[in-house]
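K.L.:
Residue numbers (our numbering), protein chains in the order written: chain G, 1 to 190; chain E, 1 to 128; chain H, 1 to 85.
Mixed in with the good hints, there may be bad ones.
Covered stretches of chain E, as calculated for chain H (at least 3 residues, CB under 8 Å) [unchecked claim]:
hint, region
1, 13-20
2, 26-32
3, 47-58
4, 75-83
Don't read these hints as lab results, they were simulated from the structure.
Only a predicted model underlies this, so the values are computations on that prediction, with no experimental measurement involved.
Beta carbons: idealized from backbone N, C-alpha and C, even for Gly.
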Amino acid sequence: MMTRQRIPLRVELPLLIWLVLVWGALWQDFSLGNLVFGAIIAFTVANLLYLPPVELSGRFNVFYAVGFAGRFLYQLVLASAQVFWLALTRGPKLENAVVGVRLRSPSDLLVTATGHILSLIPGSLVVEVDRSTSTLYLHCLNVSTSDDAEKVRQNALRTEEWLIRVMGNREDLARLHPDAPHHSDGRKHP
Amino acid sequence: MMDAALDVLTMVLLLGGALMSLAAAVGLLRFPDLLSRMHAATKPQVLGLLLFLMAIAVEQRSWAIVPVLIICWIFQLLTAPVSAHMVGRAGYRTKHLRKDLLSMDDLDDVVQHAATRRREAGDRASSD
Amino acid sequence: MTVVLGIIAVILGISALCAVYRVARGPSILDRVLAVDVLLAIVGGALAADMVFNGHTNNLVILVATSIVGFIASVTVARFVTEKK
């Protein structure tokens with residue numbers, strides 16, 4: 001038998017709500033009876049098949065979330081078209097780069113989310129992550145000069161900034177100020 | 001009138017989705033190394049699936065089906081980068097990357113550094 | 001309607017051929033697994049087009065299921081390649 005910590009219901013609640021919504025959507029039936037049954041199953045599954053809880057910050061800004069979704073869709077369409085164009089015109093003559101980006105937040109959730117979003121947008125792909133310094137190594141299509149690489153870095157940092165504004169905690173928000181100190185010193189920016 | 005407009009919209013969405021599949025396939029065919037092929041292969045699919053799902057929603061003309069389509073796309077969003085990252089990492093580590101195509105490589109220094117450190121640790125272990 | 005169906009069929013067919021060529025050609029197992037993933041997405045697209053043209057939602061379950069578990073194959077192969085040395 002595994003020893004496990006009791007997770008307070010408040011921490012578990014977002015997961016349970018998400019599971020109930022998935023249940024309702026899969027059955028295409030949002031009637032009360034079905035949702036209650038889904039809630040029972042969600043509770044059982046969450047307690048029987050134990051996973052370490054994801055630590056959310058407790059903050060969620062809906063306005064920034066909508067803005068972020070819009071920005072994400074815009075970038076998705078633009079970059080998909082770009083990759084198509086590159087495949088047709090450049091093809092084999094392509095110059096890529098692996099660019100290291102040092103993110104501001106030490107939080108696992110934010111680093112994962114940023115890497116995930118950057119991976120979803122065509123043109124950049126996370127090859128390796130250094131958790132101790134929250135550095136993402138991105139493989140980028142069609143980057144040949146250091147100016148292009150700097151653009152990739154700026155874009156990654158802006159993505160992180162949006163995510164922090166959507167769901168970062170107060171320390172992360174404080175880090176967005178330009179004169180705020182970095183979370184761990186002594187290592188140079190890659 | 002409304003119906004005809006929605007039908008046209010459905011067709012446009014379907015064509016868009018099919019073009020995204022074509023983008024993935026052409027990229028797969030023409031890009032020179034594994035990691036650049038990966039950009040073409042995994043990413044346009046995210047938009048492609050979205051367009052296909054939107055086409056289904058418009059064609060069905062019902063809101064009841066929208067949640068399951070959204071769930072489908074969200075799962076795609078959650079899982080696609082996982083496989084892309086794992087394959088990319090494996091490709092980088094097993095040297096399927098063509099270094100001559102890279103204009104810069106920030107990770108290389110780190111990897112070299114780690115490799116020398118590991119070698120030193122190995123030497124020490126074998127001399128004991 | 002029929003014309004669009006034909007165009008979509010041709011586009012998806014060409015894409016599938018490109019993907020199959022990459023599966024046959026390789027050069028590495030990772031390229032192949034990537035191409036198989038693309039092939040799966042193309043089949044998903046064909047299923048979606050079928051649903052639209054015939055006005056049913058029977059294949060939706062397949063789309064949902066593949067979008068949940070479709071990534072496992074490539075992760076497995078990637079892990080296998082990394083561990084093997």
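K.L.:
Examine the region 75-83 of chain E for residues whose CB is less than 8 Å from any CB of chain H, and state whether their number is three or more.
P.N.:
holds (count 6)
K.L.:
Go check the region 13-20 of chain E versus chain H for me, would you? Three or more residues, Cβ under 8 Å, otherwise it fails.
P.N.:
Since 5 is at least three, the answer is holds.
K.L.:
When I compare C-beta atoms, does the region 26-32 of chain E have three or more residues closer than 8 Å to chain H?
P.N.:
That given contact holds, which follows from 3 residues of the region 26-32 of chain E lying within Cβ reach (below 8 Å) of chain H.
K.L.:
Is the listed coverage of the region 47-58 of chain E by chain H valid when you require three or more residues with a beta carbon under 8 Å from a beta carbon of that chain?
P.N.:
Check passed, 6 qualifying residues.
Violated hints are absent here; each numbered hint is respected by the structure.
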